[in-house]
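Protein chains: 2
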Amino acid sequence: MTEFVDLSYTIEAGISAYPGDDDLKLYQNRFLDKDKYNDTRLETGMHVGTHIDVASHIMKSNVVISDYPADKFFGKGCLLDVRNQDAIGIKDEYWDIVEESSIILLYTGFENKFGSAEYFKNHPVVEEELADLFIDKKIKMLGMDLPSPDQYPFSIHKKLLGNDILIIENLRNLGLLVNIEKFEVIALPLKIRAEASLARVVARVVSFK
Amino acid sequence: MTEFVDLSYTIEAGISAYPGDDDLKLYQNRFLDKDKYNDTRLETGMHVGTHIDVASHIMKSNVVISDYPADKFFGKGCLLDVRNQDAIGIKDEYWDIVEESSIILLYTGFENKFGSAEYFKNHPVVEEELADLFIDKKIKMLGMDLPSPDQYPFSIHKKLLGNDILIIENLRNLGLLVNIEKFEVIALPLKIRAEASLARVVARVVSFK
Chain A
-3 MTEFVDLSYT IEAGISAYPG DDDLKLYQNR FLDKDKYNDT RLETGMHVGT HIDVASHIMK
57 SNVVISDYPA DKFFGKGCLL DVRNQDAIGI KDEYWDIVEE SSIILLYTGF ENKFGSAEYF
117 KNHPVVEEEL ADLFIDKKIK MLGMDLPSPD QYPFSIHKKL LGNDILIIEN LRNLGLLVNI
177 EKFEVIALPL KIRAEASLAR VVARVVSFK
Chain B
-3 MTEFVDLSYT IEAGISAYPG DDDLKLYQNR FLDKDKYNDT RLETGMHVGT HIDVASHIMK
57 SNVVISDYPA DKFFGKGCLL DVRNQDAIGI KDEYWDIVEE SSIILLYTGF ENKFGSAEYF
117 KNHPVVEEEL ADLFIDKKIK MLGMDLPSPD QYPFSIHKKL LGNDILIIEN LRNLGLLVNI
177 EKFEVIALPL KIRAEASLAR VVARVVSFK
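Keeping their order, the protein sequence lines are chains A and B.
According to my numbering, the first sequence holds residues -3 to 205 in order.
According to my numbering, the second sequence holds residues -3 to 205 in order.
Keep in mind the hints are simulated off the structure, nothing from the lab.
It is possible that part of the hints are untrue.
Same chains, same label: a pair holds when it works inside one copy or across any pair of copies.
To be verified - Distance condition first, Cα-Cα at most 27 angstroms in a straight line; then the derived DSS-like pairs of lysine-lysine: (1) K68 with K117; (2) K68 with K178; (3) K117 with K30; (4) K56 with K30; (5) K155 with K205; (6) K32 with K155; (7) K87 with K205.
Only chain A is shown next, with the shape it has when bound in the complex (with noise of 0.2 angstroms):
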């Protein structure tokens, strides 16, 4: 059997939305005993959780993330172990291991901090000239153990989404594929018309180092 390696946030009552934005709200409202099946209401922002932006989040644009073909949310993954690091810069050796159309997972082991107010506070940040690596390789997406890859003016959102490289939020288990030489990622949104979508995000194992 295939192994897979969920990266996502459960969406529950309680999860924390980003500073400023509305809480999301999960709530039964149909029941089995008296309306002969259960529902249960959502309501939310696109930024809560596991996520991912496009341009028209930040910037002026009129693509939505349900313009975008299903092909820009599978890849060869590619784990880059930042542990420790405020600032997230460039190593040499990026050079040699960042793919062109891959999806780059950073590894900042910030996850710990999800669920405190801290969290959203004094994260580590992507430095310029990693971002323009990034751009220069033409992933296809950068994700994260963040809630942002900065903080405002928000530069590196606007670097990396005017380049065309959508950037996913709130990834958790990252650790969990140190050990992996090899797998895919698939970052399914729903197919929704916003600037942004809640995600499932998976990373299938291809092989073990």
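Dock chain B against chain A, hints included.
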């Protein structure tokens, strides 16, 4: 490049909910010029557009869709061409072509009614003995270009879900799979604590006929 066929409807304002359910709402509530970013808020039940049901939708069960490991949502695809049948019954050949752990797609052609009131009424239904075959074969999921495999009192829902065969409703583009010999189905719901989830469903083409 791998070819994908997207089997999902676009989630947008105006998409029809199942009769009796509350409508989906999708609206922008943060604006780039005022708030410095765009955000879209979604308010919806879990049974709108392309989605996946688990047993707790219609039966007593504490299992929610976020409890399933990702492996459940990937499988070898098999399209059954069942156009022009009001009651979708068994055919001898199905015993050969339906494989264990596969994801079976019923292509009824009823997609052409999507968006009309008729789509939810008088749609084709799955017969009990065909559901029994799927249970016997231990398939992972059954998908279809219909709002439901049955009508009230939903005996096919209960039979399939009670045997851990998840149901994918409101698929589209199944006609594009007729000329494809071999494909994988990737039907990823959100990892959400609910009895169902909106889902992104795609077929990845392995070989053409």
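Taking the hints in turn, this is what the structure says about them:
Within a single copy, K68 and K117 get their C-alpha atoms no closer than 30 angstroms, and across copies no closer than 36 angstroms, so neither meets the 27 angstroms cut-off. Taking CA atoms no more than 27 angstroms apart as the test, K68 paired with K178 passes in both settings, with 19 angstroms inside one copy and 21 angstroms between copies. Proximity of K117 to K30 under the C-alpha cut-off of 27 angstroms is restricted to the inter-copy arrangement: shortest distance 23 angstroms between copies versus 45 angstroms within a copy. When the C-alpha separation of K56 and K30 is checked against a cutoff of 27 angstroms, the pair qualifies only between copies, where the shortest distance is 13 angstroms, while the shortest distance within a copy is 47 angstroms.
With identical chains, the CA atoms of K155 and K205 are never at most 27 angstroms apart, being 34 angstroms at best within one copy and 43 angstroms at best between copies. Taking the closest pair of Cα atoms, K32 and K155 come within 27 angstroms of each other only across two copies (16 angstroms); inside a single copy the shortest separation is 50 angstroms, beyond that limit. Taking the closest pair of Cα atoms, K87 and K205 come within 27 angstroms of each other only inside a single copy of the chain (22 angstroms); across copies the shortest separation is 46 angstroms, beyond that limit.
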